[in-house]
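Sequence order for the protein chains is P and Y. Residues 1 to 336 (this note's numbering) are what the first sequence spells out, left to right. Residues 1001 to 1249 (this note's numbering) are what the second sequence spells out, left to right.
These are computed hints drawn from the structure, not numbers from a lab. Idealized CB from N, CA, C, for every residue including glycine. Take these hints with a grain of salt, some might be off.
From chain P, some residues computed to sit far from chain Y (all C-beta separations above 10 Å) [unchecked claim]:
1) 134
2) 176
3) 236
Examples of chain P residues toward chain Y, derived with CB under 8 Å [claimed, not checked]:
4) 95
5) 99
6) 203
7) 204
8) 221
9) 225
10) 226
11) 331
12) 334
Here's the letter readout for the chains.
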Amino acid sequence: MTAAAVQAPARRWSREARVNTALSLGLLAVPLLAMAAGEPFWVTLATRAAILALAGVGLNLALGYGGLVSFGHAAFFGLGGYAAGVLASHGMSGRPIVTWPLEIGGTTQMLAIWPVAVAAAALGALVIGALSLRTTGVFFIMITLAFGQMAFYFMVSWPAYGGEDGLPTYVRSRFPGVNTMAPLQFFAIAYGWLMLALWLSWRIAGSRLGLALQAARQNRQRLAAVGIRPKSVLLGAFVLSGALTGLAGALYTDLNRFVSPAMLSWQTSGELLVLVILGGVGRLFGPVAGAMLFIALEHLLGGISDYWQFFLGAMLLMVVLFARGGIMGALAGRDG
Amino acid sequence: MAEPVLRAERLSRGFGALRAVDEVTLELRPGEIHALIGPNGAGKSTLIRLIAGEVRPDAGQVLLLGRDVSRLDVARRARMGLGRTFQVSSVAPDFSVLQNVALAVLGSRGGVFGLWRNVMRDEALTGPAREAIADAGLSGRGSVPAAALSHGERRKLEIAMALALQPRLLLLDEPMAGMGVEGAAELGALLSRLRTRVPILLVEHDMDAVFALSDRVSVLAEGRLIASGTGAEIRADADVRRVYLGEAA
Ligand SMILES: Nc1ncnc2c1ncn2[C@@H]1O[C@H](COP(=O)(O)OP(=O)(O)O)[C@@H](O)[C@H]1O
Ligand SMILES: [Mg+2]
Chain P
1 MTAAAVQAPA RRWSREARVN TALSLGLLAV PLLAMAAGEP FWVTLATRAA
51 ILALAGVGLN LALGYGGLVS FGHAAFFGLG GYAAGVLASH GMSGRPIVTW
101 PLEIGGTTQM LAIWPVAVAA AALGALVIGA LSLRTTGVFF IMITLAFGQM
151 AFYFMVSWPA YGGEDGLPTY VRSRFPGVNT MAPLQFFAIA YGWLMLALWL
201 SWRIAGSRLG LALQAARQNR QRLAAVGIRP KSVLLGAFVL SGALTGLAGA
251 LYTDLNRFVS PAMLSWQTSG ELLVLVILGG VGRLFGPVAG AMLFIALEHL
301 LGGISDYWQF FLGAMLLMVV LFARGGIMGA LAGRDG
Chain Y
1001 MAEPVLRAER LSRGFGALRA VDEVTLELRP GEIHALIGPN GAGKSTLIRL
1051 IAGEVRPDAG QVLLLGRDVS RLDVARRARM GLGRTFQVSS VAPDFSVLQN
1101 VALAVLGSRG GVFGLWRNVM RDEALTGPAR EAIADAGLSG RGSVPAAALS
1151 HGERRKLEIA MALALQPRLL LLDEPMAGMG VEGAAELGAL LSRLRTRVPI
1201 LLVEHDMDAV FALSDRVSVL AEGRLIASGT GAEIRADADV RRVYLGEAA
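Working from the sequences, and respecting the hints, build out all of it.
Right, dumping it as structure tokens:
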């Protein structure tokens, strides 16, 4: 993994910077070309890629920089998704969400929904992280998986919001000055968030917290010996990570105008891990590259064979065995 | 006499039936290098770990700067000024030398809750880090990845990290092991210079280095402190000769 992340940003236009720019422009070009070609479906695919990339940028904070293999990030994705779905459905029906101790209603304004989704996911990550970080290694993977499954079964068995059938919201929530139902405009929102999250993630990686976080990945004993509690650092990163993934979940609900327990399933956690690893663990744009490839494979191979995930698995195996830097490693070099 | 910076008070720690450290009482005073010697498996590293807070004692307590720190964790004790190196060098291998040492500056000053400034451009961090690097004799090696350092340089990096903590005491666990004659001599000179700045509890196997450097020597055998005194007293001690020096000769 990379030490470059915490060094002062390179003055010269590094190879990694060029690859990052190409990926940003590539993802932007897809929906524009698709609209020109009259293929709005491709806009939806690009939006899906941007949202999954955003979730991956969140996961990468914990996994890539902190070395925390979380198999439970679907819980945060789903928390954000359900926060958006529940608020929007109440916002439309006008029924309050709770009436006691004070009345709280829903809303169909994204600007109000996002903070709630982020806060819900962050709170979830705080609780799950605090408990899971008592363990390390395989146990950490298993316990985050277990918490993810708890969240999944909770939503399946809670009938108020559709249980296992999920909760349709019919129309996307609103954003001032934007027609969110227009595919390209909704893409712009998702893309804007992705770029903002990448910037944030870059700043964090180079910050004091980022330095400590990357040290925690490498050597917790050493970090403690210089006066920094590894668990506090990792928990802080886990909360930020969950918050970003929760924001992606809220956007995902709006994209589909539907939220269901599938968002919380272990497969979702697995897919997020897969796309970060495919793209390049600990690389700023790894989740972007990974999400684009993931969506492309899902669409292209999924049309040919129901077993496309088998090919995905094979590719993942190749990455793990032969190309540990993932796509970013192949395109931009081992250490960027 | 000045108040000791460190006092271990009847510290004990067992692993299963083994009494790795058995009622050890020991002091480190300002301005001294206090050597801790003893055969392999005597419990030296375990004693260091007890003092640093990495291992919980079964009984006894640790006083740091006159304060009972028995309930404080490793990070807390480090921030109080306890700097240490490990018997097996322990650094962040992907980081450069400068990043490693900046991390230690971060730990002792300010903490991790800055999200915005780029750390490696923050003079408040890199300034003291460069100083510590120079003090440890690693000038000019700041941008080298820790993984690419020689064994001896990695030892120095650990010392630089400990110094960056603005330590009130240093615990060095066999810093000269595997360094070669020249490296050991160089490190000996470095420790000798440091003595006036910060007292050192030095675990060391190299007897020549121990007797040349230290003001006092304590001998550990099978978890028990069997002797404590000046170098000359220890050399003359019959028990010590039997369990330790005899073996080494
Ligand atoms: N974590 C541990 N679990 C079990 N036994 C241990 C552990 N740490 C040390 N020991 C045992 O305690 C004894 C003292 O070890 P140590 O403190 O490393 O000795 P020294 O540093 O003097 O060579 C040894 O017998 C060692 O095997
Ligand atoms: Mg030892």
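Hint check:
With a cut of 10 Å on Cβ distances, residue 134/P stays outside the contact zone with chain Y, its closest approach being about 14 Å. Every CB of chain Y lies more than 10 Å from the CB of residue 176/P, the least distance being 28 Å, so the non-interface label holds. Not every Cβ of chain Y is farther than 10 Å from the Cβ of residue 236/P; the closest lies at roughly 8 Å, contradicting the non-interface assignment. Taken as an interface hint, residue 95/P does not check out: its beta carbon lies about 39 Å from the nearest beta carbon of chain Y, beyond 8 Å.
With its C-beta approaching chain Y no nearer than about 38 Å, residue 99/P sits outside the 8 Å limit, and its interface hint is violated. With its C-beta approaching chain Y no nearer than about 6 Å, residue 203/P sits inside the 8 Å limit, and its interface hint holds. The beta carbon of residue 204/P is positioned within 8 Å of a beta carbon in chain Y (closest approach about 6 Å), and the interface hint is therefore held. At about 6 Å, the closest approach between the beta carbon of residue 221/P and any beta carbon in chain Y falls short of 8 Å, and the interface hint on this residue holds.
Look at residue 225/P: its Cβ gets to within about 6 Å of chain Y, closer than 8 Å, so that hint holds up. Below 8 Å, beta-carbon pairs count as interface contacts, and residue 226/P has one with chain Y at about 4 Å; its hint therefore holds. Among the interface hints, the one on residue 331/P is violated; its C-beta lies about 20 Å from the nearest C-beta in chain Y, farther than the 8 Å criterion. For residue 334/P, the shortest C-beta to C-beta distance to chain Y is roughly 12 Å, which exceeds 8 Å, and the interface hint is violated.
Against the hints set out earlier in the document, violations occur for numbers 3, 4, 5, 11 and 12.
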